[in-house]
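K.L.:
Chains as they are written, first to last, in UniProt numbering: chain A, 1 to 210; chain B, 1 to 210.
I should point out that these hints are in silico values taken from the structure, not numbers from a laboratory.
Since the structure is predicted, the reported quantities are computational estimates derived from the model, not experimental observations.
Mixed in with the good hints there might be a few duds.
To be verified - Here are the simulated SDA-like pairs of lysine to any residue, each with C-alpha atoms no more than 20 Å apart in a straight line:
no.: 1; chain 1: A; residue 1: K121; chain 2: B; residue 2: K121
no.: 2; chain 1: A; residue 1: K8; chain 2: A; residue 2: V47
no.: 3; chain 1: B; residue 1: K131; chain 2: A; residue 2: P107
Unchecked claim - Label pairs and their in silico Cβ distance ranges:
no.: 4; chain 1: B; residue 1: P85; chain 2: A; residue 2: E146; range: 41 to 49 Å
no.: 5; chain 1: A; residue 1: R210; chain 2: B; residue 2: T35; range: 40 to 48 Å
no.: 6; chain 1: B; residue 1: P151; chain 2: A; residue 2: P151; range: 14 to 22 Å
no.: 7; chain 1: A; residue 1: N195; chain 2: B; residue 2: E146; range: 16 to 24 Å
no.: 8; chain 1: A; residue 1: V75; chain 2: B; residue 2: R142; range: 29 to 37 Å
no.: 9; chain 1: A; residue 1: T6; chain 2: B; residue 2: A48; range: 54 to 62 Å
no.: 10; chain 1: A; residue 1: D61; chain 2: B; residue 2: M9; range: 44 to 52 Å
no.: 11; chain 1: B; residue 1: R102; chain 2: A; residue 2: T49; range: 44 to 52 Å
no.: 12; chain 1: A; residue 1: V75; chain 2: B; residue 2: Q139; range: 29 to 37 Å
no.: 13; chain 1: B; residue 1: A14; chain 2: A; residue 2: T35; range: 33 to 41 Å
Glycine included, every Cβ here is placed at the ideal spot set by N, Cα and C.
Number of protein chains: 2
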Amino acid sequence: MAYRETEKMRQRKAAARQRIAECTYQCVTEGGFRTAKITRVAQLAGVATGTIYRHYESKEDLFAEIFRLATQREVDKVAEALAAPGNATVRLEKALRQFAERALKGPVMAWSLIAEPVDPKVEEERLAYRKAYANLFEQAIREGIEEGCIPDQDARLSSTCLVGAIAESLVGPLSPSQAGQETADETDNNDPLVNTIIRFCIQGLTGTRR
Amino acid sequence: MAYRETEKMRQRKAAARQRIAECTYQCVTEGGFRTAKITRVAQLAGVATGTIYRHYESKEDLFAEIFRLATQREVDKVAEALAAPGNATVRLEKALRQFAERALKGPVMAWSLIAEPVDPKVEEERLAYRKAYANLFEQAIREGIEEGCIPDQDARLSSTCLVGAIAESLVGPLSPSQAGQETADETDNNDPLVNTIIRFCIQGLTGTRR
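Chain A on its own, in the form it takes in the complex (with noise of 0.2 Å):
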């Protein structure tokens, strides 16, 4: 039987489908996307299970959505140090140091973006905010190049270059196999760990040593 949705319906759904998402997000930080079974996120948000499935039209559509929340939120991030003032290597520098910083404090949840085996809709999205995180850092690298602090380029490429460094060269620290033998929280060093990646990084950009 058709009929009108009150406010106060909508209302209630909105809050229910968020409160899914935040269940399926804590699942996620806490063992990945492996873990985030739909009974397991159901518990949790006190539901049926088939609820779940009236928010989101399947389990690979929930996790595309935690998947876009947690990224867009590390996007933001890398926009956000690359906005601040100083020349475009040391923007460039900063933003790509955070970046490492932040996924290493949240390992498990670092993991799952970066790496995670999930489905191929999670597969999609990583391509498409690889290409957002790309076109940030070719902002960076085409004023870096302007500036003259950056030798001239194809910053859409170097870009690239840049992205698949970084998240490459994170996917064995932030890896469960290797989990518990060297975690952030452990040991609090990962300067070594950082600093050899953006060295890497800049080194690449500009080809002066570091």
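We have chain A; now place chain B onto it with these hints.
P.N.:
Here is chain B on its own, set in the frame of chain A:
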């Protein structure tokens, strides 16, 4: 009813399995994993779709095998280039250049291997093979550090920066949305593209302007 498999039956079975693998490989080369539907593979191989599942547990297993076959070929090529004469920087540059050029010459397969969203089994293989590439690069970087042509650094970490930079920078140029615009066969001028990627990689390693 249990029976003993004769040598002839074993051979026939192996031949059928290989034929299925070859036809799947051909599909992926032509249009990526997304076009390698089981019905199409069966048609090409001249078998019933059910036969495919007698040789492979699932489509995912079949795809993972094709991924391994095709990627191992590229890993071997990198190993070969790294084993050639010359100092480590020269060998790394050759290996990276050859990798990029081979990818751009077979863009559909290369994109499928590097970036096509497939399924978690293929993603697992991707992670494993990226490690295989990194292991090869790591060894060459160590040799370069000993030879003195590469500054002292965390060879393991730098090797993953190389893997990430070269793979990610090829995603855009290889992606189907760009295909037809400028693929290797049409313009035959991928030199500036490859040069930019190689420059970034070698500068990243050596900190010396190219």
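K.L.:
How does the Cβ-Cβ distance of P85(B) and E146(A) compare with 41 to 49 Å: does it lie in that range?
P.N.:
holds, 42 Å
K.L.:
Return holds or violated for the Cβ distance of A14(B) and T35(A) against the range 33 to 41 Å.
P.N.:
holds, 40 Å
K.L.:
Given a hint of 29 to 37 Å, does the C-beta separation of V75(A) and R142(B) actually sit inside it?
P.N.:
holds, 35 Å
K.L.:
Given the hint of 44 to 52 Å, check if D61(A) and M9(B) actually sit that far apart at their C-beta atoms.
P.N.:
46 Å Cβ-Cβ, so the 44 to 52 Å window holds.
K.L.:
Is it true that the C-beta distance of V75(A) to Q139(B) lies inside 29 to 37 Å, as the hint says?
P.N.:
holds, 35 Å
K.L.:
Is 40 to 48 Å a correct range for the gap between the Cβ atoms of R210(A) and T35(B)?
P.N.:
holds, 45 Å
K.L.:
Holds or violated: K8(A) and V47(A), Cα atoms, limit 20 Å.
P.N.:
Given that 20 Å is the threshold and the Cα spacing comes to 19 Å, the pair holds.
K.L.:
Measuring from beta carbon to beta carbon, are N195(A) and E146(B) in 16 to 24 Å?
P.N.:
Once the Cβ atoms are compared, 22 Å apart, the range 16 to 24 Å for E146(B) and N195(A) holds.
K.L.:
Does the structure keep K131(B) and P107(A) at a Cα separation of 20 Å or less?
P.N.:
Holds: K131(B) and P107(A) sit about 19 Å apart, inside 20 Å.
K.L.:
Is the gap between the beta carbons of R102(B) and T49(A) within 44 to 52 Å?
P.N.:
Holds, since R102(B) and T49(A) (Cβ atoms, about 47 Å apart) stay within the stated range.
K.L.:
Within a Cα-Cα threshold of 20 Å, do K121(A) and K121(B) meet the stated pairing?
P.N.:
With a Cα-Cα distance of about 14 Å, the restraint between K121(A) and K121(B) holds, given a limit of 20 Å.
K.L.:
So the hint says 54 to 62 Å: do the beta-carbon atoms of T6(A) and A48(B) match that?
P.N.:
Holds - the Cβ-Cβ distance for T6(A) and A48(B), about 55 Å, lies within 54 to 62 Å.
Going down the numbered hints, you'll see the structure goes against none, and every one checks out.
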